[in-house]
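Asks: Read top to bottom, the protein sequences are chains A and B. Take my numbering: the final residue in the first sequence is number 372, and no numbers are missing along the way. Take my numbering: the final residue in the second sequence is number 84, and no numbers are missing along the way.
No lab work stands behind these hints, which were simulated from the structure alone. Watch out, some of these pointers could steer you wrong.
With a Cα cut of at most 25 Å, we get these calculated DSS-like pairs of lysine-lysine [stated by the list, open to error]:
id, chain 1, residue 1, chain 2, residue 2
1, B, Lys75, A, Lys183
2, B, Lys54, B, Lys22
3, A, Lys209, B, Lys22
4, B, Lys53, A, Lys209
5, B, Lys22, B, Lys53
Calculated from the model, a selection of chain A residues having no Cβ within reach of chain B, i.e. all distances over 10 Å [claimed, not checked]:
id, residue
6, Ser109
7, Ser175
8, Gln200
9, Ile219
10, Thr237
11, Arg305
A quick note: this is a predicted structure, and the numbers were derived from the prediction, not measured. A virtual CB, placed ideally from N, CA and C, is assigned to each residue, including glycine.
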Amino acid sequence: MEILPIKDSDLVPVCDFLHANLPSQITTDNWLAAFRLQWSNNRPNHGFMLIHEDRIVGVVGAFYSQQLLRGKTVDICNIHSWTVLPEYRSDSIYLLIKIIRQPGFHFTILTPRAQEMEIYRFLKFRTIITRMVITANFPWPFARLTGLRSVTDTGKLQQVLKAEDGRIHCDHTALPWLKHIAVGVGDKFCYVIYQCIKLKNLPVAAVLYVSDPELFDRYRLALGHALFLRGLLFMRVESRFQTALPKLSIVQKYPNPTLVLSDLLVDADVKNIYSERTALNLDGVVL
Amino acid sequence: MTNMENLQAIYREVLKKPDLQLTPELTARDVDSWDSLAHVQIIVEVEKKFGVEFDLDDFLAIRNVGDFFKLLARYGVDL
Numbered sequence: 086m087e088i089l090p091i092k093d094s095d096l097v098p099v100c101d102f103l104h105a106n107l108p109s110q111i112t113t114d115n116w117l118a119a120f121r122l123q124w125s126n127n128r129p130n131h132g133f134m135l136i137h138e139d140r141i142v143g144v145v146g147a148f149y150s151q152q153l154l155r156g157k158t159v160d161i162c163n164i165h166s167w168t169v170l171p172e173y174r175s176d177s178i179y180l181l182i183k184i185i186r187q188p189g190f191h192f193t194i195l196t197p198r199a200q201e202m203e204i205y206r207f208l209k210f211r212t213i214i215t216r217m218v219i220t221a222n223f224p225w226p227f228a229r230l231t232g233l234r235s236v237t238d239t240g241k242l243q244q245v246l247k248a249e250d251g252r253i254h255c256d257h258t259a260l261p262w263l264k265h266i267a268v269g270v271g272d273k274f275c276y277v278i279y280q281c282i283k284l285k286n287l288p289v290a291a292v293l294y295v296s297d298p299e300l301f302d303r304y305r306l307a308l309g310h311a312l313f314l315r316g317l318l319f320m321r322v323e324s325r326f327q328t329a330l331p332k333l334s335i336v337q338k339y340p341n342p343t344l345v346l347s348d349l350l351v352d353a354d355v356k357n358i359y360s361e362r363t364a365l366n367l368d369g370v371v372l
Numbered sequence: 006m007t008n009m010e011n012l013q014a015i016y017r018e019v020l021k022k023p024d025l026q027l028t029p030e031l032t033a034r035d036v037d038s039w040d041s042l043a044h045v046q047i048i049v050e051v052e053k054k055f056g057v058e059f060d061l062d063d064f065l066a067i068r069n070v071g072d073f074f075k076l077l078a079r080y081g082v083d084l
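Okay, chain B solo, but in the shape it has when bound:
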């Protein structure tokens, strides 16, 4: 699986949306099951999968999926 496929799989699993398509514009408001707990679970799963560790400022910088793409790129994860 590519990094993008892995990331998409995490979102689908946590949000329980098997058909979810990640786009840079996607936000929590677009998915009804995407609450704060799901947000934390996505972050934690991504940390585990890609071997990175985000801090609280990173977390606060993520307002949509595109922000997360950029953040991952900063940590050396190419999507």
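Bound conformation, chain A alone:
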């Protein structure tokens, strides 16, 4: 049994393995496209794989990104798709240990499974508890009166976004399932990345990124109006992306834990971007 880094040349068998052994039904080609996204100049591997007799028996994936946080570039490794065949699960933790022992990175896990939480706690991951909040979008006729603009055009977005968000937009603009909108006025725009999904057959904007929770709350009605005009009747946003829960919202009963292993990242630094949540089209997918 050995643990090896996943190199470019390993991606096809690794993605075949994930397709065959995860319940998500994500195709090998979709996995390949996700792994090949280049979000960092400091990408040592695509994760690690557990090998037994020349066969892949376990995988832990990694999306590396360099993110600007408070003016400083930070190397983040988002860990995903930790999957080991049942008969080799006594060794599965060594995959995780291998990945978190890489120096210079800060680690996040955005889609942990409940049964794995004890292992993550043992490895000193910190848990951020967040819940999904669903609100209805309504037409809001005062959007024009307040001078608020909603911007979706790629070129215009680059004009209104701050440098950090402009880079996030560039890094995610090629992913067709992601939608980008900025709402605001003057130099105060809130940038939102969302995906159109169906929940109980209703069209929902599943928000993945909010640049500024305070502005998000302030512009919520204008954003809801813009989304409503795009046929999205509801908006689903994590509670941690909002400073207060809006009236008439539905809060998901079960929390969505997010994990972080870092002495630098505060809760607000942990985002869903540069991850499997954005690299893959997750509408209807269970990770």
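We have chain A already, so just place chain B on it with the hints.
Replies: Frame of chain A; chain B shown alone:
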């Protein structure tokens, strides 16, 4: 209960094997319910029971029960 009996009780409880006999050669591969989660649970229970705290290097050094015996001895737990 002696320390060895306590240790054996932890393994039996976590692995759900009431008749399990600890031997130095025993490894995770010998017990079907001994996966990584069980491994972590054993470590955490041992830390609680014996008042010790292992680090990740300690964890990585444990490849069989005999290694764990040695590790516990280093932390002053006589078996």
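Asks: With reference to the structure, classify each hint as holding or not holding.
Replies: We went through each hint and held it up to the structure:
no.	hint	verdict
1	Lys75/B to Lys183/A	holds (24 Å)
2	Lys54/B to Lys22/B	holds (19 Å)
3	Lys209/A to Lys22/B	violated (29 Å)
4	Lys53/B to Lys209/A	holds (17 Å)
5	Lys22/B to Lys53/B	holds (21 Å)
6	Ser109	holds (21 Å)
7	Ser175	violated (3 Å)
8	Gln200	violated (7 Å)
9	Ile219	holds (33 Å)
10	Thr237	holds (45 Å)
11	Arg305	holds (41 Å)
Checked against the numbered hints given earlier, the structure breaks hints 3, 7 and 8 and satisfies all the rest.
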